[in-house]
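Using the hints, build the complex out of the two chains.
As a plain string of letters, each chain reads:
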Amino acid sequence: MRVSILDYGAGNMASVFNAFYNLGASVKIINHSKEVENSDRLIIPGVGSAKNSIDYLKDNQLFHSIKSFLKKGRPVLGICLGLQIFSKNLYEDGKSIGLGLIDADVKKIYENNNILNTHIGWNSVSSNDEIIKFLKIKEKTFFYFCHSYYLEIKNPEKINYSETFFKKKIPAIILKENFIGTQFHPEKSQVNGSKLLENFLRI
Amino acid sequence: MGPTLRIIPSLLLSNGRLVKGSNFNNHKDVGNPVTTSKAFEAQGADEILIVDLEHYKNPNLKKISNTLNELSKNLMTSITFGGGINTFQKAQECFRSGADKIYISAALFENLEFVSDIAKVFGNQSIVCGINIIKKNNEYFLFEDQKKKIDNWFDKINNLPIGEVKVNFVNLEGSKQGLDIEFSEKLVKFFDHPLIVEGGIGNLNHIKQIANTKVSGIALGTMLNFTEQNIIKIKQFLTNEEILVRN
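If you read the protein sequences in the order shown, they are chains P and F. According to this note's numbering, the first sequence is numbered sequentially starting from 1. According to this note's numbering, the second sequence is numbered sequentially starting from 1.
No lab work stands behind these hints, which were simulated from the structure alone. Hints are supplied without guarantee of correctness; some may be wrong.
Straight-line C-alpha distance at most 27 Å; calculated DSSO-like pairs for lysine-lysine [stated by the list, open to error]: (1) K20/F to K135/F; (2) K140/P to K208/F; (3) K20/F to K108/P.
Looking at chain F on its own, in the form it has when it is part of the complex (with noise of 0.2 Å):
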């Protein structure tokens, strides 16, 4: 036994909407965030993960944390916040707003360390890493630098100073084609973290195979954003299937 398996509703935010869209493109307005959040946790999502894409642009440190604010004043459910974090003191601006954890991903590729003075102070637990992964020709590489051997970042990412990984497969993002199963299971043995696994997973049996691989958790966008799908359904035929989840 152990932690039940995630269900994450994964957002996007621009200018204080929620976006969704396809190949890290094409964003559509989806909603408020906090109206949809709040939806999402009365329907039982175990976390709720919102990456802010103005942010990675223009910093608004402001808008950010009223936005945060409002999340932590109407959610009883841990909340994890992405977006051009790059530095110690915006991470803290964030925890300060009401993120539970923070999430880091492409500023990772200029710096490292700042991780670990984030941990020294709000605990490895807080931290988030995000991998983002494209496939071509049957290979894998980063997203934000196909140059870069990735079998050496996973290992610099397996021992920075965090709580969990999180790898999206940007390929197969909006796709609904299914994850990338194989890939993912590898994965899994690799990161001594806990795991979270978002990009194409379009209906339940896609669910079901990646909830068999032993991740902790899966984000979901496009499914419940644009399909017939929400949580409770996924929880419903996952506990009928003999899949551990919170209900």
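For reference, chain P alone in the conformation it holds in the complex (with noise of 0.2 Å):
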């Protein structure tokens, strides 16, 4: 099985890579369209900005390759910004115009003073039972999560998510037809990460 990371330029590709490799598998990190054609599964980690991450995207005609690597319907994992791309529209640095496979908006969680505030260290995730039996996680689970903008779900009741609370409540896993989202970080989430990426494989 050829698994892939997708590179766009931010971001910390080695964690997710070596939290992968660590489980046996045969992981890529790759940059290019015709690599993701070729791919079984694709990751799409995301440590960086939105409006950076989208432009890079779309410059080297990544954008359409992972839309048309999801309608094959081969498992994609989207880690953090890597989940907020597949939202509508993205509000960091302007608006940016994301995959639009969710419908949602990214925005900021809180914001006082004009000063941004951030979720950051390890937070326990809700989840219903389909999410429970599908990635063989607890119903609470603590992950890892450092981010400062969030999933704004329009329509929740059409949605198959898991929550957390910081401020406010978070989305931190989406599950839709063959995309898996994650707000948190398996790979920076020791035992109950590995546990999900290596669910992930076997999907």
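In structure tokens form, the structure reads like this:
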């Protein structure tokens, strides 16, 4: 199985690569649209700011290749910003148009006197039965978060997701068709994260 | 509810080895960075903070990259790296090598602009700003520049596009006398960012006192290296005291 991690300029590819490598996966860091096509699993990591990253994806024809990869029905994992780019609109450094798979806007979690607050650390994620079964996690599982923007979901009843709480309820895992998105970093979530990545490879 | 209180081992690197001292001096060898970090991870460290002391004097990016690479290969824990990062390029190199966040402190006195450049590409959440404080005759000063007004500096740091602030009480470092609770409380209220504190924590009661101030993280150096304590015991104690930690 060809497991590909998409490198799109920003972010810490090494951690995600090592997490999969240590699970024994045949994993590769890729940055070309042709390589996206030839993958069996696609991982879109993300540490970075939205505008920069989306511009990069568009400029390098990667936006389109992610969309066509999704259509093939093969599993895709988006991590943190890698989840956020699947929303409709992202409001970080102005407005960017995302991939639009999830009917949501990406907005600041919380701001005080124009100072942006960050959700950092380990937080408990509450999941419904379907997600528990699919990802083989517990009803409440600790994962590691590090982000200042979150997904404001438009029609919550239509989307299957888990949540956590920081200032407000924050979507933590989103499942849609063959897409799995995590707002937290499984590659930084020790044993809990490693189990989730392992299950992603088994889907 | 919200994220749990983070227990963060604070490690100092020098020539590829870990060292520990007091009052920013007298450093002793305390081990190999990867082995030690791996042990802290197994104990339940919530993050790991590593600051390279040599890097301030002789930036050797290649050596740092190797250490960071080794750490990220072996850990599934968030790594914050600091030591002489004073340009966008150096920050980028650290991220590429395996740092999840970077720690910037001394360089802020020369230039605040590059912080915004880093935030634009890597996001606010990837930057931790450090403030070193010393106390003299009941007054607080900035370690690097004692003439600077401390309140103005706090304000400047608070307004930077960063993810969190770490305050180090320099005179207390390595002393095991307990953290400056009163001042930490003020700082928690002042900063709009999550706050990590370090300096002087020597026993479990010190940790309990500081945990009640709503700090976001506690960085521990001496206590983990030179006492009988470890992170498992600390977290058990905090859980018994009904302070929420990740177990």
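Each hint, compared with the structure:
For the suggested pair K20/F and K135/F, the alpha carbons sit about 21 Å apart, so the restraint of at most 27 Å is met. Taken as a hint, the K140/P and K208/F pair is honoured in the structure, with Cα atoms around 25 Å apart against an allowance of 27 Å. For the hint pairing K20/F with K108/P, the CA-to-CA distance comes to about 39 Å; that exceeds 27 Å, so the pair is violated.
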